[in-house]
Every structure is written in structure tokens, then in C-alpha cells.
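J.: Read off the chains here:
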Amino acid sequence: MKKRKFLVIIFIIFTIFSNVICYGNENNNTESNNQNENLDINDVNEKVKENANFDEYIKAIDDELKKNNIDDIDIYDMSNSLLEDGSIDFNNLFFKILGLFSKEFKNVINSAVIIFIIVLVMSVLSSFELEKGSQILNIANLVCFFTLATIIIKSFIEIIGVFKNTITSLTTLMQIVSPFLMAILISTGAISTTGIIKPLVLFIASAVGFIINYIVVPFISISAALKIINNFSDNIKIGKMSSLFSSSALWIVSISFTIFLGILSLETTISSSVDSLAVKTMQNAVSNFVPVVGKFFSDSFETVVGATKVISNVSGVIGIITIVTIAIIPVLKILCVYILYQILSAIIEPICNNKTLSNFISDFAGLYKLLLGILIGVSILFVISSGIILNLVSSVVK
Amino acid sequence: MDVLKILGFAIISVILIVVLKEQKKEIALIMTIFACVILMLFAMTKMESVIGVIESLINKSGINKDFFLIILKVTGIAYLIEFGKNICIDAGQKAIATKLEMAGKVIILTISLPVISALVNVISGLI
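Protein sequence lines correspond, in order, to chains G and L.
Residue numbers 1 to 398, in this note's numbering, belong to the letters of the first sequence in order.
Residue numbers 1001 to 1127, in this note's numbering, belong to the letters of the second sequence in order.
No lab work stands behind these hints: they were computed from the structure.
It is possible that part of the hints are untrue.
[To be verified] Sample of chain L residues at the chain G side, in silico, Cβ under 7 Å:
1) Phe1067
2) Val1074
3) Ala1078
4) Ile1081
5) Glu1082
6) Glu1101
7) Gly1104
8) Ile1108
9) Ser1112
10) Leu1113
11) Ile1116
12) Ser1117
13) Val1122
14) Ile1123
15) Leu1126
[What the hints assert, rightly or not] Partner residues aside, some chain G positions facing chain L, computed with beta carbon under 7 Å:
16) Ile139
17) Val143
18) Thr147
19) Lys154
20) Gly366
Ideal Cβ placement from N, Cα and C applies to all residues, glycine included.
Take the sequences, apply the hints, and build the full model.
T.: This is the structure:
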């Protein structure tokens, strides 16, 4: 008992009289907080831009635009204005696209005028028919038809060339845009999403380019050639064969688009929720379990992720704008040709009693409609897939 | 007034030919051919100005006129051959008429060769 009392007394004495000197600065804590807040958002932006090679990305997109003879649109300017005040001068963009379009429109009108003049001559020829079923006039008609077919096919080949180029550069653009967005996505911690989406989007972009350039375009060309041969004489009947080729081209395109979009949307839905969970868990774990600095780390993590989001949104928007800009000029051109051919076939039907002629021109209008649909479909597919990736960035990191 | 000229010429020649037919059939036939040729020549002189207008229009619009020239040539040849063929048939020379048509076809073919070869080139370039 005595021994215990003694120990208690000694303990009390020690606790009362022991001098604990603590050297420290009271302001220390607050200072580090200030430092965190002073971390300039612009600096973070610059760092993220540097890490993600933003400038090189913009340069690659600019090169692709230059390749398509679109020199007027300054992508650097656009990206800067997007980063600074988050707006684009849509008015300016619209007028520049209109200017590019008007150049193309002139060519289209020119060929339509030639076709119209030839058809007028043909109609004059057939209305002067001296004798019913005169063979020599038939031959003269055939020569006129040859001329007409040459002009129509020439413009068709030109448009097919433009079409192929556009598809190729859209594919290339997709292969520029998606890895960049993926790199940003992976830097926000969405590892499983990136693992699935990256190969998928790249595969889709190159597969679409391949299918269209090597399967669909030849099918459409064969269909056009068969249409001409079909109209050479009444004895050759391969009209159905020609429409078989064009409709199978349409089927191939629509089936592949459906499959690609289905896979893309399904995969993103599953993997993005997994990633979102993982990122949040990581963030919470860091802020709660890492002592003292955990909170700051978590805060700065948020700042960096916010900056990443800004950069990814800007780059995604620029990618989408470029896709639309590259696609819109051929789309407008083909639309123009399509409308002109429809008008031509409507005008030709009453003035020329040769019925095959107006059918021939409206057949070609149908081919142009098909091309138009495919081009719009491809650009929408690409815009949607970049939009899905963009959405992922925001859905993974809230 | 041109219409009246042609009309008068046609009626007078018809009357002359009908009267001549009773006396001398060969001369009546020659008269018919002569009258046809003169009418045709008259039409051709008028056609010249029309083609001139079309050509100036094409020059203005800046269209490549190679194909157009071929079409004009082919059309003109077709008319002329058709005309000659009809005269031959009127004179009762069907054999010559068919040969003339044949020759006309060949000429049209030779003229339109560039168009045909261009078309074949273009189509083969397509596939």
C-alpha cells in the first residue's frame, strides 16, 4: 500500500512540474493552407497542357485541316479563346465555311449547266424526228448520251475522290483525337475505362475507314458503272443488278454503324461506373488515411483534375468542331449535286421524250443520296464517340 | 417575210412539178430534188445564226466546248443524212438510201470516237 501511494505521488509531482517546451510556429498551419489556395489555376492549366502535349495535339489537327485545303480557320486562335473565356466565334466560323462552300458550288452549277444544254440538244434532235424509228437519229441520240454519261461520271469520280479523302481524314482525325482524350482520361484515374475504350475507339475509327473506302465505295462505283451500261440500249437489262450493289453498300454501312455504336455505348456504361467508384474510393482513402498531408493532397488532386477536365473539354470540343468542319464541305457539295440532279431530272422529263434520260439522272441522284447518308453517318458516329469519351471524363470525376 | 418566201417557193415548185409530171417525169424528179435542196439550204443559212448564238453562250459560260462541238456535228450529220436518204427513197432508189445511211453511221461513229474512248476511260477509272 505504502509503495503504491508513493508511486502515485511521484507521478503527480512529475506531471505537474515537468516543463514541456514546445518550439513551433503558430502560423505554420495556416501558411500551408494559403499556399494551397495560392496555387494559381493558370499554372495548373499550363502544367496539364504541357503534360498532355496539348500544343502538339492542336498542331496535328491543324495539319489535318490544311490537308483538306481549309486554310481560313485558325484552330490555335479557337483553342486559346476556348481556354480563356470558353466561347467560340461561331459567326466567324459560319462565314468561313460558307466562303469555302461557295467555291465548290460554282463547279457543281457548271456541270449541271452543261448537262442541261446537252439534254436540250437531244430533245431538239428527237422532236425533229423525220421518220419514226430512224436509225441514224438513234445513233446520234446515243452519242449525245455518251457525252452526257461522260460528264456525269467525271463529276461522280471527282466527288468519290473527295468522299474518300474526307473519310480518310476523318479517320485520321479520330486517331488523333481519341488517344489524346484517352491520355487525359487515364490521368484522371479511369484506368479500366481507358483500357477498354481506347482499343475500341481506335478499332472503330480504322474499321469504319476501311469498310467504307475498300468495300462500300467500290460497290457504289460498280453500281454507277452498271447504271450507265444499263442505259446504253434497251436490250441490256442490268438495272436490278446495279441497285443490288447500291443497296448492299447501304446495308453494310448501316449494320456496321449499329454494331459499333451499340458496343461503344454498352462498354462505356459499365466500365465508367467501375472507374468512378475506384477514383472516389482512392480520393477518400487518400484524404482520410494518409495522415496530415492527406487532405491537402486530396484538394490539390481535385484542382489538377479540374484543370484536366477543362483541357479535355476544350480539346474534345476542338476535335468535334474539326470533324464537323472537315465533313461539312463535302456534305454540302454532295447535297448540292443531289438537289441539282433531282431538279434536272424533273425538268428533263417533260422536254425530252426519251424516258431513260430522266431515269438515268434520277438514278445518279439516288447514288449521291447514298453517299450523303454515309458521310453524315460517319461524321455523326465519330462525333458521338468523341462525345462519349468526353462524357466519360466528366462522369468519372465529378 | 422569210416564211412567205419559202411558202411561195414551195407552192410554185409544187405547181411546176405537178404540171411537168404529166409531160416529163425525169425532169419533174430533178425539179423535186432541186427544190428540196434549196429549201434545205435556206434552213441551213437560218440555222447558222442559231448555232452562233449557242456558241457565244457557251463561250461566255466558260464550259469546255469539245464535247459540245461533237454533239453539234453529229446532230447536223444525222439531219443531212436523213434528208438525203429521204430524197433517195422519193426517187425510188432504196438501195442507195440504205448505203447512204450506213455511210452516215460510220461517219458519226468516227466523229464520236473521242467521246466513246473518253467514256470507256472514265468508266474503267471508276472500277
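J.: Find the hints from earlier in the document that the structure breaks and name them by number, from lowest to highest.
T.: 10, 12, 20
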